[in-house]
Amino acid sequence: MTAPPPGTGADGPILSVDGVSVWLTGREVLHDVRFRIMPGEFNGLIGPNGAGKTTLFRVILGLQAATAGSVLVGGRPLDRRNPIIGYVPQKVFFDPDMPLRARDVVGLGLDGHRLGIPLGWSRRRQAVDAMLDAVDAHHLADARVGNLSGGEQQRVLIAHALISRPRLLLLDEPLANLDIRAEGEVVALLARIAREQRIAVLISAHDVNPLLPVMDRLVYVAAGKTASGSTEEVIRAEVLSALYGQHVDVLRVHGRILVVAGAEGPSGVTVEETDGAALAPGIVSLR
Amino acid sequence: MFSGFMVNTWIAATMVAVIAGVVGFFVVLRGSAFAAHAIPHGSFGGAAGAVLIGANTILGLGIFAVGGALGIGWLSRRGRHDVATALALVLMLGLGALFLSFSVEYAPAVYSLLFGEVLGIPAYDLLPMAGLGLACVLAVLVLYRPLLLTSITPEVAEARGVRPGRIETAFLLVVALAATMTVPVVGVLLMFSLMIGPAAAARTFTSSPSRAIALSVAIALAIVWFGIAIAYVTNYPVGFFVGTLGAVSYGFARLWTAWRRGRAARPSPGGHAVRLELTAPQLPAAPRGR
Amino acid sequence: MSRVLNALFAPGFFGSGPVRAAVVVGAVVAVVTGAVGVFTVIRGQSFAGHALGEVGSAGGSLAFLSGTNPLWGFMGVAVVAAGLMEVLGLHRPRSRDLATGLVLGAGLGCAALFLYLDATSTTSTGVTVTILFGSLFAVSQPVLPSVVALSAAVLVVIASCYRMLLLTSLSPDLAAARGVPVRAVAIAYLVIMAVAVSLAAETIGAILATALLVGPPATALRLTKRPGGAMVVAGLVGVAAVWIGIVLAYDSYYWPPVDHGWPVSFFVVAMVFVLYLGAGVVAALGRARRTRHVAAPPAMRESGCEPHVDADAA
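Chains as they are written, first to last, in this note's numbering: chain A, 1 to 287; chain B, 1001 to 1290; chain C, 2001 to 2314.
Bound-form chain A, shown alone (with noise of 0.2 Å):
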């Protein structure tokens, strides 16, 4: 079992990512990304499918080096053996019929990663009911894996991140394939984990919304580079606009937010127009 590394500073920034970029295949797939996320803070990765932000998370969790930048995780590089980075991916291979109950999924993310087989059994039973019970997935321990539904799936692998005691969580677009409510019920776990653990969290996504209830701060990526701060600050049309290299609106609706290419925009997308008006760049507020 890992235990957090001594003396991180505790009120230095817990993940510190400082002007990287990356090159794919000719590519420049992030430009300049800086950021950073305090202990216990909330975050949201947001932008749409394709903008980097998987690559993003590559490069924080060292599978992926970047051209130019610096990573530094609790105030250090990056060390794999000591992590204090849990993951929660989204490719993950659940099967109906793999014989993996949820209580091997959480072992595994105990020790999954050393040799052997595992010992210590009523120990190691005893972390894994814990950490069950702490995502309110105590009564699917012995279910299939695979046969759970998506977002009983999410919490367990949220307990296979969380059960090696990380001080930062990473999530790669866990509400993309949920319904409204299990979202709904995903998001206030993990805000309420991230309360009472004060464990960081960077969760990516291609929709703010269902965040903005929970989220401190945001870091939106939009071709391959990146704004940061409080949502007011960041989803601007100005900001946006700016990101994505051509013409955004941005529209308030009942305390929503939607992000909709303008229209001069190149895009050739029809947007709504409001008494005939064509709408003007900058927040709109309609009543």
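Rather than coming from a laboratory, the hints here were simulated on the basis of the structure. Be aware that a few hints might be false.
[Stated by the list, open to error] A partial selection of chain B residues facing chain C, derived with a Cβ cut-off under 8 Å:
#, residue
1, Gly1031
2, Gly1094
3, Gly1243
4, Thr1244
5, Ala1247
6, Tyr1250
[Said to hold, decoys possible] Interface residues of chain A toward chain B, partial, derived using beta-carbon atoms under 8 Å:
#, residue
7, Lys91
8, Asp111
9, Pro118
10, Arg252
[Unchecked claim] For each label pair, taking beta carbons as the anchor points, the in silico distance ranges come out as:
#, chain 1, residue 1, chain 2, residue 2, range
11, C, Ala2159, B, Ala1130, 49 to 59 Å
12, C, Ala2184, A, Lys91, 22 to 32 Å
13, C, Leu2170, A, Asn177, 15 to 25 Å
14, B, Leu1255, C, Ala2184, 23 to 33 Å
15, C, Gly2083, B, Leu1138, 39 to 49 Å
16, C, Asp2173, A, Asp133, 31 to 41 Å
17, B, Asn1235, C, Gly2083, 43 to 53 Å
18, C, Leu2144, B, Ala1218, 46 to 56 Å
Glycine included, C-beta positions come from ideal geometry on N, C-alpha and C.
Following the hints, complete the assembly by docking chains B and C onto the known chain A.
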């Protein structure tokens, strides 16, 4: 059928079934059925080569099996996994065709190499067999946790410092070892059936990995023992029983669990509501869905 | 000039009847399996293709032993096997190979039994070897018309289902959303593959059937991202491999050990392998060249009408 040389056969068969059951659990878990077929099948070429130069057939089998495993691993890094397996297989068989064309007298041995031979296990072969078998089991025990983790989520494994590619190659080498020790009894063509049938059946009965491994071994033992007994009496090839009973056991397992599920009908999970998508500029501005 | 020709082609090459038959049949089969194989590789069904070839070979040799036309034995058994694989109903990519393996095991097991039951054991061993290896030079000319006809039929079917096949292979969810009968297309594709592979296995042997079904298409997909173009390139690569293999095999009669000749399957497989590796080198060089150019700001959408295929995505 339990006297003299047949004792050797029973011992060998038991070892074969245990190895096949244990290794087979992971073969089925990782979807490596093709590799499990290709490695023993291709190793046939090595046996042909060994006969050509007068060396021990098992040695030739082993070298080609290991070579096949390494070849599949190497090719997989450059392309699709199933393409790599197919190319490695045909290359080994092509070499086998070459060696066969040079050697003069090989015909009787070919059949038993392909389909298995009940009576062909001399006592001095048992010890090396046991050694190889033990090595297999130990290797599986050592790789147990990373094998499970990389089967579910290679990305998390990688983030924790495990290299999925290395684990896969190591696993293929275990399959090669298992194939080498089991082929003389079951034959190159049907060895893989013993690895996938019992394991596939076992996992429909239980979702606990340790119980699934135990059940897989039990089913493999039943198949092999039954096959040896009937083969002794009728002289039919062991491979026939292994191949057909492997498939039958899976079919039976599926029917059984479907019947049990039908009896304790549980409501299927509700459909997911279509979400209201408010996303980036590529999509139309109007909200979709209910 | 004639000295070069004499060096490359051993005497009697162009005049030999079996060689001419082999050249024609080999080319026809290579074109068909290349076209079918592009989808095999895209869909990740190389195991199914190989299994159908082996099971078909078993069926064909049994038909031969029992006196019926081997070609129908090949195809009948292969088509039945294809049906069984679908019936087992395992559709996820990992489980699909499991279904293939189970059917293959049962089929080969039955083949073992039937071969044993056939009275003359020496013949059965010879047939056993033929199951695996086959011989291109043993193709008899009467077979040629039916092979050509069936190959043409397969190509026609592929051409007419091309769009559906492509969509269900690249994006089954999207295809289902658009109302394409994904399951029916999958079954139909297995049957098409069964027919094509049986044709190949009967004429050039099960090993070469697999090799030509997978190797040239994978080679082609490394060189081009467009499936249509890949089918053409796969055919060309396959024909090249077969023809070069035939030449080498014929010439090898004069290599040590003299008057024996090396098997044609070895040469063709070796050529397929070499061409595959060669394409990998070419592709890598192309990637290196592209990476050196300074890239424009990344586009938000990929342009182009035909779907692109990543041949090396696992």
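Going through the hints against the structure:
1. Gly1031: Where the cut-off is 8 Å and the nearest Cβ of chain C is about 3 Å from Gly1031 of chain B, the hint holds.
2. Gly1094: This hint holds: Gly1094 of chain B lies near chain C, its Cβ roughly 3 Å from the closest one there, short of 8 Å.
3. Gly1243: 2 Å, holds
4. Thr1244: For Thr1244 of chain B, the interface hint holds, since the closest Cβ of chain C sits about 4 Å away, which is under 8 Å.
5. Ala1247: 4 Å, holds
6. Tyr1250: Interface hint status for Tyr1250 of chain B: holds (6 Å vs cutoff 8 Å).
7. Lys91: 7 Å, holds
8. Asp111: It holds, given that the least Cβ distance between Asp111 of chain A and chain B is near 6 Å, below 8 Å.
9. Pro118: The hint holds - Pro118 of chain A has a Cβ within 8 Å of chain B, the shortest such distance being about 7 Å.
10. Arg252: With a minimum Cβ separation of about 11 Å from chain B (threshold 8 Å), the hint on Arg252 of chain A is violated.
11. C:Ala2159 / B:Ala1130: 49 to 59 Å: This hint holds: roughly 57 Å between Cβ atoms.
12. C:Ala2184 / A:Lys91: 22 to 32 Å: 28 Å, holds
13. C:Leu2170 / A:Asn177: 15 to 25 Å: At 20 Å between Cβs, range holds.
14. B:Leu1255 / C:Ala2184: 23 to 33 Å: Roughly 25 Å apart at Cβ, these two residues keep to the hinted range, so it holds.
15. C:Gly2083 / B:Leu1138: 39 to 49 Å: Cβ of Gly2083 of chain C to Cβ of Leu1138 of chain B: about 42 Å, so the range 39 to 49 Å holds.
16. C:Asp2173 / A:Asp133: 31 to 41 Å: Holds: the Cβ-Cβ distance is about 35 Å, inside 31 to 41 Å.
17. B:Asn1235 / C:Gly2083: 43 to 53 Å: 32 Å, violated
18. C:Leu2144 / B:Ala1218: 46 to 56 Å: Once the Cβ atoms are compared, 53 Å apart, the range 46 to 56 Å for Ala1218 of chain B and Leu2144 of chain C holds.
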